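**Q** Fit chain E to the given chain G structure using the hints.
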Amino acid sequence: MAKLMVDARNVRKSYGPNQVLNGMSLTVEQGEVLCIIGPSGSGKSTFLRCLNHLESINGGRIYVNDELMGYRQVGNVLHELKPQDIAKQRQSIGMVFQRFNLFPHMTALQNVIEAPIGVAGIDPELAKKQGLELLAQVGLQDKGEHYPAQLSGGQQQRVAIARALAMKPKLMLFDEPTSALDPELVGDVLDVMKNLAKAGMTMIVVTHEMGFAREVADKVVFIDKGIIVEQGKPKQVLDNPQEARTKAFLNKVL
Amino acid sequence: MAEQLDLRDDVVAVPLRHPWRWISGGIATALLLSFIWAVFSAKSIQHDIVTKFLLDPRILIGMGVTVGVTVVCMFIATILATLLAVMKLSDNPLKRWLATGFIEFFRGTPLLLQIVFWGYLGIIFPQLILGVPYTEIVFLSGKTSDLIPAIVAGIIALSLNEAAYSAEIVRAGILAVDGGQVEAAKSLGMSSPYTMRRIVLPQAMRVIIPPMGNEFIGMLKNTSLLQVIAVAELYTAASTISSANLAQIELLMVSGFWYLVMTTVLGFPQRALERRYGRGFEVVGGRSAPRAFKVGKR
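From first to last, the protein sequence lines stand for chains G and E. Throughout the first sequence, residue numbering follows my numbering, covering 1 to 254 in sequence. Throughout the second sequence, residue numbering follows my numbering, covering 1 to 298 in sequence.
Just so you know, these hints were derived from the structure itself, not from any lab. Please read all numbers here as calculations on a predicted model, not as lab measurements. Just so you know, even glycine gets a beta-carbon here, dropped at the ideal spot from N, CA and C. Watch out, some of these pointers could steer you wrong.
[To be verified] Lysine-lysine pairs mimicking DSS-like chemistry, simulated, CA-CA at most 25 Å apart:
{"no.": "1", "chain 1": "G", "residue 1": "Lys129", "chain 2": "G", "residue 2": "Lys143"}
{"no.": "2", "chain 1": "G", "residue 1": "Lys247", "chain 2": "G", "residue 2": "Lys225"}
{"no.": "3", "chain 1": "G", "residue 1": "Lys235", "chain 2": "G", "residue 2": "Lys252"}
{"no.": "4", "chain 1": "G", "residue 1": "Lys82", "chain 2": "E", "residue 2": "Lys88"}
{"no.": "5", "chain 1": "G", "residue 1": "Lys168", "chain 2": "G", "residue 2": "Lys143"}
{"no.": "6", "chain 1": "E", "residue 1": "Lys95", "chain 2": "G", "residue 2": "Lys82"}
[As the list claims (entries may be wrong)] Examples of chain G residues toward chain E, derived with CB under 8 Å:
{"no.": "7", "residue": "Glu55"}
{"no.": "8", "residue": "Arg90"}
{"no.": "9", "residue": "Gln91"}
{"no.": "10", "residue": "Phe97"}
{"no.": "11", "residue": "Phe103"}
{"no.": "12", "residue": "Pro148"}
{"no.": "13", "residue": "Ser152"}
{"no.": "14", "residue": "Met167"}
{"no.": "15", "residue": "Leu171"}
{"no.": "16", "residue": "Ala199"}
If we strip away everything but chain G, and leave its shape as in the complex, we get:
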């Protein structure tokens, strides 16, 4: 069996009385692509944000690359790490957001090289060279000097992917990366993600793009009300669902 990149065990999360994650357990092997599907409010985005500790958790454990994420375990209790230690852990986890969240006051290239220079301490000239290569990889070699406001949504999202890749992450998280895009721009972003998957990147993708899940995912997980209802190969989950809730959801979206 390949090395486990993500090992989430019984993760629980609540906002006050509202229980969002009710004991989620799943694993992702190195190089695997996992797609998380489910109705809105099911907890899929929250779970993704717990993986890089943008959200704290109330119980359970998350290991990313064999490291306990966001906490230090003493006996039976998890103590939250200091912000600078969490920041260090996040460096090896890239994240792409639904609304891109590019830095609007920086050009595309500056967006990509900001963290490598400022956080990882890479030589600016080298970072720039690598940044241009990454922009070429997402098909935007000639857009380095453009500000985000001058780019289309699809181009912005591809810059955001390049920005996340610039930190050389071992794991990439995608939070509905195409949901804010015009339909004709979705394809470009999905192509970049497909290439990334082919290159062996470990990816967890929260998505409504069933076609992408079917084509690229190694495993599909259906989540509802903060628990995993069903998981398996895309064919199995998407074409031959066993659970009534999965069937009802797929009937609505397909």
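**A** Frame of chain G; chain E shown alone:
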């Protein structure tokens, strides 16, 4: 069909006309001109005195002090304001209370009172000693009036007061930055101070600069209050001269003229700063971003 266009359809569209704009504008101009005429033709105003003192060395030195005090105070106030704003947005309740207390105190008492208080510090504490308490170690000690001359007292008073006001401006600017920016920065492994410095504050500047331009102009004029503790800035210089030659109105006109010149000149760096921090926000293909609210013709 285009070829069979009916001639009655071939009409010209004109924009809404605004006759009242011309009429009200004419009335306002006439009133303004007559006021200017009244001032210049008034027999009681000796215009030769105005022109004589306009370039008087004492006036020019006073202007230098005004500009110097303004710049130093705004510099100190901006740094303090940023600290206070970050403290007020902190998770740490102690920091929040401290910042809130500072802001409430300095906004809640009159500026004139604060200036006089700092000016009279020497009466409350005649000796100032800086050292380690309960030991013999003393870094600095002396008479308060020597250590804190009037100009320093004035700078302290104006800076602290201004910091309290500017803190709310900086805080508003920080709050105007989209929360997704901080999340993106965190996901890249950036620390909180780094995120504040490189991601949040540069974007907040866009919102901060216009009201801070106001504060700068306000500060320039408020330095005239330092007359009460005898700092030799522009207004003090003018009133010292007029108390000797009794030409009060003329010297008010001299100082008023220079205040107006200075506040006008300040507009230029503000516009340059606005352009600098507006980068990345203005364009889609060279067009300016749509404004929600437009007054008057384009």
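**Q** Check each numbered hint against the structure and report the violated ones by number, ascending.
**A** Failing hints, ascending: 7, 13, 15, 16.
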